[in-house]
Amino acid sequence: MDKIKVGIIGPGNIGTDLMYKVMRSQNLEMKTMTGIIESEGIRRAAGMGVRTSIEGVKAVAEDPEIKIVFDATGASAHLKHAPILKSAGKIVFDMTPAAVGPFVVPCVNLDHLTELNTDNFNMVTCGGQATIPIAYAINRIADSEYTEIVACISSKSAGPGTRANIDEFTQTTAKALQVVGGADRSKAIIVLNPAEPPLMMSNTIYSIVKNPDEKAIVESVNQIVGEVRAYVPGYSLRVPPIVDGNKVTVIVQVEGAGDFLPKYAGNLDIINAAAIAAAEKIAARMRNQEGK
Amino acid sequence: MSLDRNRKIHIVDTTLRDGSHAVSHSFDVEQVTAIAAGLDEVGVDLIEISHGDGIAGSSLNYGFSKVSELELLKAANKVVKRGKLTVLLLPGVGTIEDLAQAKEAGAKAVRVATHVTEADIGIQHLKAAGDMGLMPIGFLMMVHMATPEKILEQANIFVDAGAKYVNLADSAGYMTPKQVKEVVSLLVEKLPVLVGFHAHNNLGLAVANALTAVECGADYIDVTCRGLGAGAGNAQAEVVAGVLQREGFHTGLDFYKYMDLAENVVEPIMQRPQVIRSAPLMLGYAGVYSSFLLHTYRAAEKFNLNPRDILVELGRRGMVGGQEDMIIDVAHALANGKKD
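As you go down the protein sequences, you meet chains L and B in turn.
Position 90 of the first sequence, counted from 1, bears residue number 89 in numbering that gives the first Met the number 0, the numbering being contiguous throughout.
Position 272 of the second sequence, counted from 1, bears residue number 271 in numbering that gives the first Met the number 0, the numbering being contiguous throughout.
Chain B with its partners taken away, still in its complex shape (with noise of 0.2 Å):
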């Protein structure tokens, strides 16, 4: 949409949605309180909160949240006083009616998340959204198994649904700038409303990816505080505000707070450091969901195999978010010497 230098870049911290598979959806009020509050002053557009895979994504498969996102929300409502308190939902996973109860929380916002080549299965909850008076957004996962062309038609699925912006995610951390530059100028350049773009950190390539993205006119930016999130974690915030601010684009973000927030606020509750080992590397390198890398740790160990030939197997099924019912499957394939 635009290639001005002088735009306002839009913040999307996920820290409390997709960083919420780094700690196994355990984050508490206290924490949600502190983080959300330190967003808001940060100066963060959009402040996502809800189950790493959606509202509604507390489950046996994708891992029982602690607290409730809905208890999340409203304590997060309280002490966000700028930013748009949004949530994410995977058609599917979520529904219409746990929308209605987020928006009841506090939610302002929401991303309706659906795999590259499925954006129709999320029209309803774009309309909805819009008739319940939330900012609808679209959300094309794992964009890496899709040309340009093809995702630029589904992108306009959801504008025709009515999404303001549409955001497209390396759910695989799988992308390099090359792509990225590929695919987010094609969308700039045709797509008649915003484009957003969401990294994984798999390759190392998240923070690069993310500046490339917004060097080819991607006006929302997807982050975490030290990179909290599925697989190798997504584009640093505090980083990504850097480096943003050192090529003069505008974030009206406060670096220094950003900062503060990750290293004091954050990285207490941080269950592992947010480092590339080998299996978010093959993550990465195998096009695989992120999201699965803690339930193939899980996997592995249950059914004694590396975690490793688990990811590439599921790789290979092409296997799409939301199939994490499909590690134990495969699991139990290796385990016992056969392929499907």
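So that you can see chain L by itself, here it is in the shape it has in the complex (with noise of 0.2 Å):
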């Protein structure tokens, strides 16, 4: 069966970055770039040879060769995109707040979303996808009472509608370490750092555990950190899980791929190769399926 076809909905930053992973995809096919005005991001999908609307969701939702669209937009644009595409039978992941549909953090709960049948995929916050591996990977060992993270980014690469809502950011990835990472209680807090040159987005992890395991925890961490380097080459642990009595440590590093986006915006680099890792996944399912 032939690659499976693709719309973003959103030509901005998030939505054009997307769309260069997509277009180094071996499963997925860049059908659609839609928006809502005629923009530089339009303009851009245009110039790579990509058919763009400014139609919005209808441009994806009415076009029966697309199976998987990514909403790029806000939180209040999806949670009216959202039903249309659902009535639409498209598979969705939305890269904002709106969190209609549940967490997926790949290398955690994706298949297991997939057995659920699930057809929107929230993909958190980027420092979620940065910490939720490794809150997870220790809580599976050791049983956290307590994660807490700190995620440090670039103020240049914080958007906009990060800046205009940073509450969402704290509550959401705290929401996501219990739903998604297993701790008991969590805590999430962001810095923006205006340093220049930008500094690579770090995060650290903190967990009160029952059972601090040493040499287990180091092994789990390691594992998962090797699996989200399957999708996000630039992910790398700064300081390895420091166990404190009941206290674990760990400090990761994300450097961007630098597709569309430059290295230092390994924030948002994430979040979008983790939709990508994801729908690859769904992508290459549906094409097993529909090949027998």
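Honestly, the hints are just simulated from the structure, not real lab data.
Hints may contain errors.
Pairs of lysine-lysine residues, derived as DSS-like cross-links and limited to a Cα-Cα distance of at most 27 Å, are as follows [claimed, not checked]:
(1) K83(B) <-> K107(B)
(2) K280(L) <-> K262(L)
(3) K155(L) <-> K149(B)
(4) K246(L) <-> K301(B)
Now the in silico label distances, taken between C-beta atoms and shown as ranges [unchecked claim]:
(5) K73(B) <-> I83(L): 41 to 51 Å
(6) E144(L) <-> Q244(B): 50 to 60 Å
(7) Q222(L) <-> K177(B): 52 to 62 Å
(8) N76(B) <-> E144(L): 24 to 34 Å
(9) R286(L) <-> E148(B): 49 to 59 Å
Think of the CB as a built atom: it goes at the ideal place given N, C-alpha and C, for glycine as much as any other residue.
Two chains, two frames, some hints: make the complex.
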């Protein structure tokens, strides 16, 4: 079967970077980039030979060829788009904090959600994609009572959406640390750093655990770092697990792939890379099923 | 706004917020009740009570509060009659939900604090504060890291979001009176709301900087009893009260009562004398966030390093307020002989 055709709503930074990633995918084929006004992003997509539209969600919902849709608009727009895309039978990756569907962190719960026939995947937040794999890796071994993360992103990589609603970041990330990461209680902190040249995204994960078995925690964390690196090559441990009594501390860095966004924007890269990794897996399954 | 020497200078006492750093966030109900009641009697305008890193700052990263700030606010609210109970909120740490709870517990004003170049992340909190009926105040941290023009631009973002005044914080205790004069004068001239100043004593200049700010037209001055605060502490309240009184500025403070409060109530609960040791001196010299101090001492001990080396590296990397986690990152790197 042919590659699975994809539509992207929202030709901003996130949408454009997603388009670049789709264009080098083995299982996905970029079909339509849609927005609501003529914009630089629309022109950029057209210039790369992609079909474009300014009819918003309609352009992808009404195209039966498109099976997978990435919504890179905003939370309020996605709330309107979600039912339209659902009745059109699309598999949707929601890049906004709308959280219509369940949170997905590919290396943790994608398989489980696919088994449940999920058709709307919420990508949590950039900090969530960077920290939840570690939180999960600690919890599965050591049973986390409390997990706290600090995400530091460069000022240049924090877009107007993030800036206008920073509470959404802390609240959504904290919730997903429990729901996906498995902690009983959680807290998320975000710091913007304006240093020049811009710093790589760094994330600290602290966890208070019941079973502080250092060797097992280190193995579990190393394993999950390998799994994340499969879709985010620039994901690395800055500080490997430090186990101090019942407290575990890990620091990871995310260097972006530099597809459309600069390498320091690892925060934007990891949420996109996670969405693409999940979409790839689902597309591969579609091709297998229909190929039979 | 004002260079009238007869104007009222508003005193913001942050012993129970910035001072919280110096006691590792261990204030209890009894201490807060005594200090808040004393400050109210002294005639302080704003009494700030929060975790050192603002409401909801209680965390592994910044240290857990011994007693929740909501309980402390409620206790203070019972005894404070004249002063405005104020909280600090760092967007990215505390949320509007936390603010609503603080209001419920008795807060009347909120200072929304962002890094000096990131004012726009506080717009939603300032607007929400105004909607809730709290006095919204903008607070720019680490002002030594930006030019006066940039500071003015960022302060105006707060003004547009409804800030009643904008406070400038020399969070690293880096500034000299000359720099204070330059930035405060520009803002007093150009900003459409009043200007405040928050000093740290890492270079021994906190009181001098507070006085300079007042002379240049600042209307709000942050102080703490005995200078209790992050790094080498803040502008010492009772000293500022005496200096401003002798210089003929009107604060409405009872100077003697302030001295007595500092000596009899605050000093006995201090965990160490608020003096300029080598590490806080390095904070001021290298321009590093004052709250990093005690966390740096702990990391230095754990990784067997000199705190000074950790602080210099944090400064070199351009770390900003709230990045206490990077102390571990730097200590780990230094202990393993690698630099970022």
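Results for each hint:
A distance of roughly 6 Å separates the Cα atoms of K83(B) and K107(B); the hinted pair therefore holds under the 27 Å criterion. With a C-alpha separation of about 25 Å, the suggested pairing of K280(L) with K262(L) holds against the 27 Å cut-off. For the suggested pair K155(L) and K149(B), the alpha carbons sit about 16 Å apart, so the restraint of at most 27 Å is met. For the suggested pair K246(L) and K301(B), the alpha carbons sit about 14 Å apart, so the restraint of at most 27 Å is met.
Under the hint 41 to 51 Å, the C-beta atoms of K73(B) and I83(L), about 48 Å apart, fit the expected range. Range check, E144(L) to Q244(B): Cβ separation about 52 Å, and the 50 to 60 Å hint holds. Between Q222(L) and K177(B) the beta carbons are some 56 Å apart, a value that agrees with the proposed interval 52 to 62 Å. A C-beta distance of roughly 32 Å is found between N76(B) and E144(L), which places it inside the suggested range of 24 to 34 Å.
Remark: the range hint 49 to 59 Å for R286(L) to E148(B) is upheld by a beta-carbon distance near 57 Å.
Comparing the model with each numbered hint stated earlier shows that all of them hold.
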